[in-house]
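Student: Residue strings, one per chain:
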Amino acid sequence: MNGPIKMYQTRQIVRYDIPVELPKCMYTLKNIHSTRNGMVDSSDHVSSSDKKLDIFDQNNHKIPGMAELEAKQEEILKQLAELKNQILSIKSDLNISSVPPKKSIISPTSTLCTPVALDEFPDVIINASPMNPPYSLELAQQLLQGVVTLIFSVHLHSTVSSLPDEAKKLESSLVNFMPKSKGPEVKVRLIWKNISSNTELLVSHIPILGEVNLLRYLSRAIKSPLSYESEPDGTEIDSILDICYLVVRAKTKTERTSLLQTINKSLGKSQWLLGRDQASVADIAAYSAIRQASNTSEISANLGKWFHRCETIC
Amino acid sequence: MVDNKPPEGAEKVESKKTLKKEAKKAEKAAKKAEHKGTPQNESVSEEGDVSAGKYGNLPLIRSDPTAIQRKFTYIKDLNKSLAGELVWVRARLHTVRARGKQCFIVLRQREFTVQVLVNVSDAVSKSMVKFSSNIPKESIIDLEAKVAEAPSGVAGCTQREVELVASQVWVVSASIPQLPLQIEDASRPEKPEDEEGLNIRVNQDTRLDNRILDLRTPTNQAIFRLEAGVCRLFRDILTKRGFVEIHTPKIIPAASEGGRQCVHWSAYLAQSPQLYKQMAIAADFDKVFTVGAVFRAEDSNTHRHLTEFVGLDLEMAFQYHYHEVMLTIGDLFTEIFKGLRDQYSTEIGIVGQQFPVEPFTFLEPPLVLQYPQARKMLAEVGVEVGEEEDLSTPAEKLLGRLVKAKYDTDFYILDKYPLAVRPFYTMPDPQDPRKSNSYDMFMRGEEIISGAQRIHDPELLTERAKHHGIDITKIASYIDSFKYGCPPHAGGGIGLERVVMLYLGLDNIRKTSMFPRDPKRVTP
Chain A
1 MNGPIKMYQT
11 RQIVRYDIPV
21 ELPKCMYTLK
31 NIHSTRNGMV
41 DSSDHVSSSD
51 KKLDIFDQNN
61 HKIPGMAELE
71 AKQEEILKQL
81 AELKNQILSI
91 KSDLNISSVP
101 PKKSIISPTS
111 TLCTPVALDE
121 FPDVIINASP
131 MNPPYSLELA
141 QQLLQGVVTL
151 IFSVHLHSTV
161 SSLPDEAKKL
171 ESSLVNFMPK
181 SKGPEVKVRL
191 IWKNISSNTE
201 LLVSHIPILG
211 EVNLLRYLSR
221 AIKSPLSYES
231 EPDGTEIDSI
241 LDICYLVVRA
251 KTKTERTSLL
261 QTINKSLGKS
271 QWLLGRDQAS
281 VADIAAYSAI
291 RQASNTSEIS
301 ANLGKWFHRC
311 ETIC
Chain B
1 MVDNKPPEGA
11 EKVESKKTLK
21 KEAKKAEKAA
31 KKAEHKGTPQ
41 NESVSEEGDV
51 SAGKYGNLPL
61 IRSDPTAIQR
71 KFTYIKDLNK
81 SLAGELVWVR
91 ARLHTVRARG
101 KQCFIVLRQR
111 EFTVQVLVNV
121 SDAVSKSMVK
131 FSSNIPKESI
141 IDLEAKVAEA
151 PSGVAGCTQR
161 EVELVASQVW
171 VVSASIPQLP
181 LQIEDASRPE
191 KPEDEEGLNI
201 RVNQDTRLDN
211 RILDLRTPTN
221 QAIFRLEAGV
231 CRLFRDILTK
241 RGFVEIHTPK
251 IIPAASEGGR
261 QCVHWSAYLA
271 QSPQLYKQMA
281 IAADFDKVFT
291 VGAVFRAEDS
301 NTHRHLTEFV
311 GLDLEMAFQY
321 HYHEVMLTIG
331 DLFTEIFKGL
341 RDQYSTEIGI
351 VGQQFPVEPF
361 TFLEPPLVLQ
371 YPQARKMLAE
381 VGVEVGEEED
391 LSTPAEKLLG
401 RLVKAKYDTD
411 FYILDKYPLA
421 VRPFYTMPDP
431 QDPRKSNSYD
441 MFMRGEEIIS
451 GAQRIHDPEL
461 LTERAKHHGI
471 DITKIASYID
481 SFKYGCPPHA
491 GGGIGLERVV
501 MLYLGLDNIR
511 KTSMFPRDPK
521 RVTP
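Chains as they are written, first to last, in full-length UniProt numbering: chain A, 1 to 314; chain B, 1 to 524.
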């Protein structure tokens, strides 16, 4: 609002100044529109005063209530700032207290949340399109070893008549995987199926769509070095995951290049994405997305080196 | 008709009429005789008929060496490239419709149809059009016609691009005019949601009573071609894997397998070739299969039981674990399904037009579930099945739906059935005495094969038979077969009709048996 605007006078439609004969057959109520009867004007209430009511009668004139209103606004802003400070202090308090438990989560000694979690998925099904093989599984299998052993069995659905070589390679690598250390086993059935590029994960009746969401599920369901929710850069990982999803879906090369640049920026000069010294879910997803969507010539030299590092994991 | 009777005024009116009738009859008889005498010139023509000798009834084809040999074109080959050419077609008259000086005929050859026009023109007389429009449906006719492109496309025919303009019409074999069922009704698609359309159906019993007509529908043609395909694939795949086809007797001295009731003549009809398969194994054939009639006298009038059906049975010796056999059977099915998917897509499509169904899905390698897993899946949706209890038919169907929802496969194997629900010759599990080395396979939630490792040790077999309360003397010959040493073996039997029915998602097994036999039907 830029303050009062000059308005034209209109004919009065409702007359409120004539005395109204109220019916007496019903009980009376307190007039709720009148000024708060008997209530003290507290500062946190925007109360309606008589003065404000005649705002429409004023033309071309400095409104008397304005100063009051402004003062009130100032007051509210001040209160908000105070509240913000309070929250910040609470946040810093919490940060200090939450560091020790976080360490125990990341430590490699931790295994599954509870043994119950294992029973919860006796038969995990992943439906994947052979045109978009979920390479991330390969890396996830490697990185999760020691925590859980993902045991894959692969089926070919009748909607697929023959399997491309890339998918076959992934299949044999997943099936022939030999864990270095034994952990609890999770059986996963990978079904090659003629579906869209979205990989489907079926744990219960409702599928989880998309490869990155599959990884999100894995990192949440199994407490492992891949869990990222409680990390300080959790949101950044999430946004990288979203970019990976878009990379696979990108229709044009330019669209893809700009997305890849974002990933490149996140990598910077460090070993892994987001400046980490260990591979995270983001690396896994990005590796898979790049392998699916583009050839290695499309990516920058820096990203190329990182890509090779990813390949050496598995 | 030319009235060539002399007028006789002295006659009464009635007698005149009768005379007229007789005269006409005589005339007709004469013409008939004429037909037979001079087959190529016969015609029901009036004088000055421009198309005399271009239509009529052909004499009975008795393989006369002097008869004209014509080259016929198949309806399925009629297309644009033949436009303008004169072709001969022999086909069935599907429908005929006359409209003034035109007559529309639809010719049918198996599932292919084409529209024919008989127009009054310089070369085609009115009487020829009349003759054409009076040929009864389902007659076989020879037709000479010019292929013409149909610019707007012919609706309702498989050959949409072209139509035929007839120049000669000959009836080869006439049908009687009254048909017990209309082919069109019998081949009308079943769309439950379409309430607007014609809802005339042919009753299953009417179909079976007039099976020859019913089998002419495109759907039935496709079903039985596909059935032949299943049988051929079964043979080919197993032969390739080193199986030997054997033939077992169907008349046997005593009731076999599981102590079921038998049709009792002076001998019994074989309920299963199982004993003979096992004897072939004991005789070192290693891997055998057989295709043949199997008889069941169960008094069950269900949609999936027949008293006589074609059994596809196999038996195989294995080294250490019966899963070698189970997975061989599983792979056999996968191969059959793949063969059907790749080689019979047209047939599947035709059947799907009349009986819409979701395409059959399967996994390769097939999904194998353990019995406890199945029980758990059922328990999750509130159906409790005891540890040593068999699955009821509704439970089987429910499980089929659950598996389909989870794994998206219509075919799966259920392994490790409880011993209590299997026949006495089933090998018990070495680790858990309550389980057995047996398996069932399911298609669309219905059991199609039930198999197991058989006991090949006479002592254990005797013990198990006693445990089941079976009279040892009656099965002595069965037990004796294993006395001279027998390799461990397993196998199973499949009902051909049931596999076809479930593959196509049909609702009744009588649809996939050409001449079905059930407790209420022994004809045709």
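Think of the hints as simulated: they come from the structure by calculation, not from any bench. A few of these clues could be false.
Listing some non-contacts, in silico: residues in chain A with all C-beta distances to chain B over 10 Å [said to hold, decoys possible]: (1) C25; (2) D123; (3) L209; (4) P225; (5) D233; (6) G275.
Taking beta-carbon pairs under 8 Å as the criterion, some of the chain A residues facing chain B (in silico) [as the list claims (entries may be wrong)]: (7) S129; (8) H157; (9) L202; (10) V203.
Glycine included, every Cβ here is placed at the ideal spot set by N, Cα and C.
Student: Next, verify each hint and record whether it holds.
Tutor: How the hints compare with the structure:
1. C25: The assertion about C25 (chain A) holds, with a minimum of 58 Å to chain B.
2. D123: violated, 8 Å
3. L209: holds, 15 Å
4. P225: holds, 30 Å
5. D233: Holds: least Cβ distance 36 Å, greater than 10 Å.
6. G275: Its Cβ never comes within 10 Å of chain B, the nearest being 41 Å, so this holds.
7. S129: Since the shortest Cβ distance to chain B is 13 Å, the answer is violated.
8. H157: Holds - the Cβ of H157 (chain A) comes within 8 Å of chain B, reaching about 6 Å at its closest.
9. L202: holds, 6 Å
10. V203: This interface hint is violated because 10 Å lies over the 8 Å limit.
Hint compliance for this structure: hints 2, 7 and 10 are broken, all remaining hints hold.
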